[in-house]
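Starting from the structure of chain A, add chains B, C and D where the hints point.
Protein chains in written order, with this note's numbering: chain A, 707 to 919; chain B, 707 to 919; chain C, 857 to 1077; chain D, 857 to 1077.
Just so you know, not all the hints are guaranteed correct.
Using 25 Å as the maximum straight-line C-alpha spacing, the simulated DSS-like pairs for lysine-lysine come out as follows [said to hold, decoys possible]:
1. A:Lys853 to A:Lys709
2. B:Lys709 to C:Lys874
3. B:Lys845 to D:Lys1015
Please keep in mind that the hints were generated in silico from the structure rather than gathered at the bench.
One-letter residues, chain by chain:
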Amino acid sequence: MKKIISLAEAGRLITDSSSIMVGGFLRCGTPARLIDEILKNTAGNLTLIANDTCVPEHDRGKLIVNKRVKKVIAAHIGTNPETGKQFNAGELEVELVPMGTLVERIRAGGAGLGGVLTPTGIGTTVAENKKVVEIDGRKFLFEKPLKADFALIYGTKADKFGNVFLSGTTRNFNTVMATAAETVIVEPEELCDEPLHPDEITIPGIFVDYVAV
Amino acid sequence: MKKIISLAEAGRLITDSSSIMVGGFLRCGTPARLIDEILKNTAGNLTLIANDTCVPEHDRGKLIVNKRVKKVIAAHIGTNPETGKQFNAGELEVELVPMGTLVERIRAGGAGLGGVLTPTGIGTTVAENKKVVEIDGRKFLFEKPLKADFALIYGTKADKFGNVFLSGTTRNFNTVMATAAETVIVEPEELCDEPLHPDEITIPGIFVDYVAV
Amino acid sequence: MELTKEQCREIIAKRVAKEFNEGDVITLGIGLPTEVANYIPHNLHVIFQSENGLLGVGHRDLSADGSSKVTNAGGIAVTTKPGAAFFDSLTSFTMIRGGHVDATVLGALQVDEQGNLANWIIPGKFVPGMGGAMDLVVGAKRVIIAMEHTNKGEPRIVKRCTLPLTAAGEVDLIVTERAVIEVTSQGLLLKEINPLFSLDEVIASTGAHLIVPDSLQNLVA
Amino acid sequence: MELTKEQCREIIAKRVAKEFNEGDVITLGIGLPTEVANYIPHNLHVIFQSENGLLGVGHRDLSADGSSKVTNAGGIAVTTKPGAAFFDSLTSFTMIRGGHVDATVLGALQVDEQGNLANWIIPGKFVPGMGGAMDLVVGAKRVIIAMEHTNKGEPRIVKRCTLPLTAAGEVDLIVTERAVIEVTSQGLLLKEINPLFSLDEVIASTGAHLIVPDSLQNLVA
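Chain A extracted, bound-state conformation (with noise of 0.2 Å):
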């Protein structure tokens, strides 16, 4: 069974300086609630992996628009100008990745591999700094993994043992940032009195520390 706590007691796990990451893409699929929870506390120095930042009114979009966050890793931000304009302040640190690169950084932390090798971003400035590695003639990127003190997941169902299904366009980030961070937690929009069918399962459980509701 997994520990099944209130959405305050689970905005209340996230501390100052710590790394999270956030599924969604946009507002499709993205623990909302569960934001607003580390809103309400004084949670600042964040490092947000995401997506993209969202739009500013909207759940990650907040934390950024609430200064919390020092830094984001995202594949996007253009549809919250709040990030490019305390980005260009110099009050925030942007990392840009491509967003194939960012889900496959993000397995490979999870996954327990090395790092990635990617063509994407080759004779770019993605590659800037970066190892190129040839192999059979072609060139890869060598992309680190990556790891977060936390993951915040959205789910559309979610059982006892925290076992998640996602509907629709909902899985996005969710299912790989659920495998890559010390606590995962998840905010189901329904939480089941039933174990959900083994064959229908998005995240298994064994992923899962917490269910917040």
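What follows is chains B, C and D alone, placed relative to chain A:
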């Protein structure tokens, strides 16, 4: 729409000296009827990439017994004594790969990555003649991607778009092999008239070339 | 000949829409490339892949609100076509980087004679991030650039990109309102020209050498 | 003291079964390690992971035939426990290699003072393959070796493995019918001894130096 073909037609696609990936973990989740079709034809000198060589009486095990295979790449061959016998007689080449490395090498092939950096095999004979890379003080083995001419995939259900659902522990290597071959053939237990629900798809149809019934 | 921005976009989107084969899997970039979907011939079945995790993108779902569970890569709620599949970002980029997407259509700031593409950084301007574009350009079997021929008269097709690259040597075809140009190992091959423009006009508005074949086709949008 | 093979296996399996904590995820190797599942205390909830793609392995499913869709890594049809999950080999080894499995129990041919493990090749004999063992030993948080203390009188716990390694320096604990031994940076620390054997007997049947602490516990199976 994917080309729906007969099992017999599918079997004839496999020609001499092809490399074939075959899904399945022992007898579970393996395209047994496709193998039988190969055996009805003359294709030999095959390179077989699979988790194991099953047992002599079943599916890919029969390919070994019938001497259709010149090389095996697998994690385990112990359940098919014929594999060891042919290997000892110098009739069959065998490359043993740790299971987790095998699945990652196939994934790298399918996902366009340059290879795998794994801690598995460091300090063992598996590391012989391979590049060892030190990353942040830990040693990782560089392993090459694997691709094949054909992937023979089991499906519990499939639809006409090539989408596949896999039940129970039949997923095993089927999901990843479907990404890593030039031509991917699925043998479903059931071909559904209606499309599968997008949420219940284990292998998206984009990876599948033929559904054989 | 002066065309409005809207006319340019329509010509480009319509022409790109003719580039596909039955069953092709296509990922469209945001902006102009998205409009290509509106002009696919009705008897041609292609499948649109959305990098956020959807194969079989339908049309905009006007009944959905901001909390929709099925969106495209722009965050817009969409419907799905029969045979659609949902998947995670890992699988999405296995498709994209692994060569399982037949074609991608992207916009550009600059494209050059070597097929280099620059479409993500304008120096001095805010950089929104490359998103999935770098993976798409490297991984898709065919990279089609859909863009207006010039930027306020300034050539976008150049000898050598001066802006930071998105990917090196990956562009296959350039479609503008004036011409269709193929990137070959010999250089940029002019394939079609919009009869609204003269050959001289096209050459003059292009910052790179164009190989002009004897049999130049009309660009039919 | 002479124990039968069955007695040895029962002592070892029972003793290993006490090594787990509530909620632990455990992957058992084939052979003797599999028997550990039979002795887990009833009030302790642990989850068995099977490398072929199952979390929450139940017992042997006697109602199933050879075509069962739910098997363990030995190909045996099994039932599932409430909360079970199915997944593919990729996810299975993400769990295993990524450090998400709390403990693995494996057999051994040799283990040495540095925690090196040899359990997959006997020179001159047929090599069945390492299966998932190399990944398990490298990836599981805790590696427990469950084996008979000697092989027909020949020590299995040695100074330095002479057989080809499965993994280097990954073993944490060795449980035999005679003793429980921890692998430490100082060497092999004798923790418990089966009262059926004298300390001299244990030392004599071990091919490596054993650190013997003042407070030596009884091995209670």
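Hint by hint, here is what the structure shows:
1. A:Lys853 to A:Lys709: Satisfied, since the Cα-Cα distance of roughly 22 Å is no more than 25 Å.
2. B:Lys709 to C:Lys874: holds (23 Å)
3. B:Lys845 to D:Lys1015: holds (24 Å)
Violated hints for the displayed structure: none, as all numbered hints are satisfied.
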